[in-house]
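Visitor: Given chain A, work out where chain B should sit, using these hints.
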Amino acid sequence: MSPVWTLLLIAVPLIGALMVAFGTEDRAYGSSLRTMLVTLIPGAMMLWQFDFSMGAVHQGAASVNWIPDLGIKLSIGTDAISLLLIILTVLLGPIVIAASKTAIKDDRRKYYAWLLILQAAMVGVFAARDLMLFYICFEFTLLPMFILIRCYGSTNRVAASTKFFLYTFTGSMMTLAGLIYVVYFVAQQTGTWTLDIATLTAIAPRMPIEHQAWVLLAMLAGFAVKVPLFPFHTWLPLAHTEAPTAGSVILAGVLLKLGTYGILRFAIPITPAAFMEYAPVLGVLSVIGIIYAGLICWVQDDIKKLVAYSSVSHLGFCVLGLAALNVSGLSGSVLYMLSHGLSTGGLFLMIGFMYERYHTRDMRQIGGLASKMPVWTFFMVFFTMASVGLPGLNGFPSEVLCLIASFQSDAAWTAAGEPGAWGTTLGPWFGVFAGTGMVIAAMYLLIMVGKICFGPLREPKDHHAHEELPTDLSRREIWTLIPLAVACLVFGLKPVYLLDAISDPINQIVSTATAHSVQPLPENHETHTMMDMIQTQIQTQTEATP
Amino acid sequence: MINTTLLTNQISTILAMAPDTTASVLSQTPTEIGTGPKWILLIIGLPMLTSLLCGLYAIIGNKTKLPAWTTVAGAGIAFLATVAMYLSFDGTPYTVHAFDWIQVYFGDKAMIANFSFYIDTLTIYWMLFVTGLATLIALYASEYMSHDVGTSYCRFFGAFGLFVFSMACLVMGDNLLMLYLGWEGVGLCSYLLIGYFYKKPEAVAAAKKAFIVNRIGDLGLALGIYLTFVHFGTLEYAVLFNDPTLLGYIEAAKTGNFEAIPAIAQWIPILFMIGAFGKSAQFPLYVWLPDAMEGPTPVSALIHAATMVTAGVYLIARTYPLFLTSEFALPIVAWVGTITALLAATIAMAQFDIKRIMAYSTVSQLGYMFAGLGVLTPTGGVYHVLTHAFFKALLFLCCGAVMHGFAGQLDLRKLSGLKNVKGWGIVTIGMLIGCINLAGVPFTAGYFSKDTIIAEAFVTPGTSMIGWILLFTAGLTAYYTFRVFFRVFMGPVEYHPGDEHHDDDGHDDGHDGGGVGGFHPHAPGWAVNSVLITLSVLSIAASGLYFVGGNKEAHTKHYAQTMVMSSTASYDSPYSKHAIHAAQESNDPNAGVGPRGTIDKALEVPIIGGDPHKMMYYISAVVGIVGIALAWFLHLFGRTNAAECKMDPIAKRFGPIPKMAENKWYVDEFYAMIFVTPLRIISHIFHWIDKLLVDGIVNLFGYLPRIFAWIIRPSQSGILQGYAVSMAGGLTILLLVVFVIVMQGGVS
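Which chain is which? The protein sequence lines are A and B, in order.
Per my numbering, the first sequence starts with residue 1, numbered consecutively.
Per my numbering, the second sequence starts with residue 1, numbered consecutively.
Hints are computed from structural coordinates only; laboratory data are not their basis.
Check each hint, because a few of them may be wrong.
Within a straight-line C-alpha distance of at most 25 Å, the following computed DSS-like cross-link-like pairs (lysine-lysine) qualify [what the hints assert, rightly or not]: (1) K461(A) x K199(B); (2) K494(A) x K355(B); (3) K200(B) x K63(B); (4) K200(B) x K414(B); (5) K200(B) x K461(A); (6) K199(B) x K65(B); (7) K355(B) x K199(B); (8) K414(B) x K652(B); (9) K101(A) x K372(A); (10) K614(B) x K414(B); (11) K355(B) x K659(B); (12) K372(A) x K200(B); (13) K110(A) x K372(A); (14) K63(B) x K372(A); (15) K372(A) x K494(A); (16) K305(A) x K451(A); (17) K372(A) x K461(A); (18) K494(A) x K414(B); (19) K659(B) x K646(B); (20) K355(B) x K254(B); (21) K646(B) x K355(B); (22) K305(A) x K414(B); (23) K451(A) x K461(A); (24) K451(A) x K199(B); (25) K200(B) x K355(B); (26) K65(B) x K372(A); (27) K372(A) x K199(B); (28) K109(B) x K451(A); (29) K552(B) x K614(B); (30) K305(A) x K372(A); (31) K305(A) x K461(A); (32) K109(B) x K200(B); (33) K691(B) x K414(B).
Only part of the chain A face toward chain B is listed, based on derived beta-carbon distances under 8 Å [stated by the list, open to error]: (34) S2; (35) P3; (36) M173; (37) P231; (38) M363; (39) Q365; (40) G368.
All residues carry an ideal CB built from backbone N, CA and C; glycine is no exception.
Chain A extracted, bound-state conformation:
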């Protein structure tokens, strides 16, 4: 696979952003939509050229020295997992632009330009093979989202954006501290500075478990807030509720996945022994999150807040799968990252379309839309069912795998207990309690659909028809939903494509992590002191300079 496609995926939106920023207000929508549609081409080419038989290898790798003294490079490359997440991002791009056409009326250039920049940053996170590049992109996603919420959100947007920014930023500063320690440790062990993720993950497990535990805690401080894991979730309902539709879709679809992706890419490989030790804690927190957030959904009147809390509940399954630390769990978790983006993204779009017409999200004021908006209702029920985890749609395979994983993850319960391959971190009780999330999800989502779609028609008193939009969905709106709906069906009926694709990298992560945690690598005690390293570095520099 050629690295050109990945670079194009980052460059095209940035160029598009410039064009939008220096263009006119009226053309902002059109040119940003065109830009996003153009990015589908490199996306498709990546998918086309990627060799899935070597899914664990980072393909399309390219690297340029950036700060050579510290071993910082600009290096990119994608394995199967990051490829699929990039594809999800690229797929959502045009959808969120198209969904914003009538919703955003003022200051459009800024809006679309920041959306495009956000797109580039998200692709950058998944493609980065260098820790510094990863972290910069990881943090940089905050800024466009902050602006989208701050400037284009609804009534309580200032508080929401501030909390979103400060909370996640504070968390990720701790992550940075942890990662810097890892870099320092690896430098000590090898004698050279490097921020190459592959090297870091190969050497870092040599850390003694006490150090690993601290590093893990630091990393989770950022990632858990991002996911968000109970009890670090309170920014999310606020941010989701206030964000414009496009912001909510991106937030649910991609930005939350940065947290789980971070755990998968960094927390597990870098600190396997500590992760195995503390996985039950993560498991408990995710199970609490599943039930707690699910029950909170049940008593919401604000439909957008309901879906936002449902994200907290759903992401609990995702983290549970990771905490199981076995193949089915990690597979399920990666599948969850992809599928949650589709179904919850779809739900946010539906809510956005409704909000544009009625200017309320309060389920007490609005109801029985089926008789007025049958097409809207069809898609609403469809995405709700996808979210509930109906077999045949996307939510089901991932949910099943995460739950099976937590059962498997206890050697005592298997007939032929093989702790290595199956993981030993969780146990059936995690699965049983998390499973109640299935029932709770059915409760709150069906009650939501029952209130909003069915029953006698209820509309806000001062409601009058939207001047630009038809009563039911317009053709443009339907076209934003169809790709998501088709993807939901394909994921649900042929998850085997995805599972095959991610099988190699997942097996590799699990086997390395379990091997390292069962038998930790010996620490290299002849550490290179800081002074040695610097001296060698100065030497090489003076030798290099004539």
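Guide: Relative to the frame of chain A, chain B by itself:
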């Protein structure tokens, strides 16, 4: 590719354990072993196709009955394909692969659940009546739903097709996840169809309740499936039921040695059972089914009487080997079934809505089926499924015809003597045939299938109490069944049209005149009548199955038994009649040992001094007839109008009891009080905790630096650039720190 190899491996494993059949099957080429012809996929594919076509019709705005004919044709061809599958079946189960679905590989192990279908006699038996009834009921619905022609008509038949598809997946799937797919799929269709009249709040609430209560059961099923995979390492029937571990457990169970079976394996059937209780509306999860009658009547007939609700029976029959490995599972199934049968019958006695009476009788009859499974006669349970499917569908369709003709009237106090109204002859005869089956009048199909269950309850040690309760319930059943018949169809002619139109808002043209005088009921047309006639014939013919289809070699007595005994549901009960005879003749001291203890080899367990299998014919005939006679005396004899009968003064003597039964023993209210309300309170508490405590702590941390900043700095800019700068600044500072460390190291 991987899949084929794996399947071959599995088949060879199976063959290794079945030495008798090895020779015959091995003669085929290895790739062909165990796979069936692809045209069998028509049975699954056609209903899906019709569903999609109905969606297409809705999009192009079709305003004809085309969706109905498409669905009838699709289901009909699926039925013919099922018949062809039946006729071409040679006794060896096989699988048909559609496409790969979920596959996860862990090293040398794998979790595989494909879109594949497993065909054995149980599958065929179930699919025959599912597709057959679907065809008939689609035909009925073409007329019944005719005043909704348009988008709603498409919606109805779209969901109908999807239901048949899901049911086919449930019954035919070759692994537990496919079963689960069908299980949830029928749940979805049930949800969509109960809520068909979505403007009615009751219908919406009923649909929601059905889905959520079912989900509780589904959780049990799902957990059971996970445990099965974790313990036995497979989800596919072909591998699971030949798993040496499982076979070992069953051997242990047959001698009552349950200590040899790990607790985890014993939990699996208990979890499955919870799923079955949800889907098949057993106590304590039965509450959704009566409410589900808000859906259109064809839906009640097909989904909530004949097919979907029997999915629980199918599940237990299909996984019967797993149930045998648990010490408690089958006794619980038996007792829950019995309690449900009795409880629902008592409620049915006091209801006035005839469709609800039928709903409770469905719950009650499903209880019989579960009791049958529980007392070690899967044959009885499965046979009752078939007979019940026919006569209950017939009863519902008759009720539907009444409801349709009388503007939604279902109250038996407001309808009387329909027998003598012009055009209602076929409905009356159909109703009568349904009622005699349900009441267990001698020589009807319902009589034979019910007797099989009750007799076996007396034979199996320790369950004679179940037998007595079921017998008593049979009497109640006869009473409430004929209460409906004698009130609605016999006696003086009197009818009041319904003021509430259950079916359609546009239906009230010309009917709203109200009153007996101005109202003209419209009698059913040819589609409804032809379906009623067909179902009547089938209901009667089902009794013939009790006398044909036996297989001497397999020691089976009749058709249903033959079908069950050559499937995974086969369980050669040590208490079955022929086993008792075999034990009597055998010299083996353990010949009469079974999971519930040892039977007396010398004597069969007698009931009132006779062989229970024979005595039951007489006893239950008497019980049934007494029930009918009571209904005749109390509800027909001397009745002069629709509303009053001899029962009214008698009911008063029972004090509050009839009222309590009419209010369903307040079970719904009890659940609301015990589960729903506390959970809602907890949810509200969580919501406040989230707002105040969890978020409060976050805000507190947010304030600390602000206070700090307030002291040391005049103010924060609060504008966008400030944050961007601080972010970049933070990064720079951190990088600087690293640089400083480096430089300091370099200097010293």
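Visitor: So which hints don't hold here, by number, going up?
Guide: Of the numbered hints, 2, 10, 13, 15, 18, 20, 22, 28, 32, 33, 34, 35, 38, 39 do not hold.
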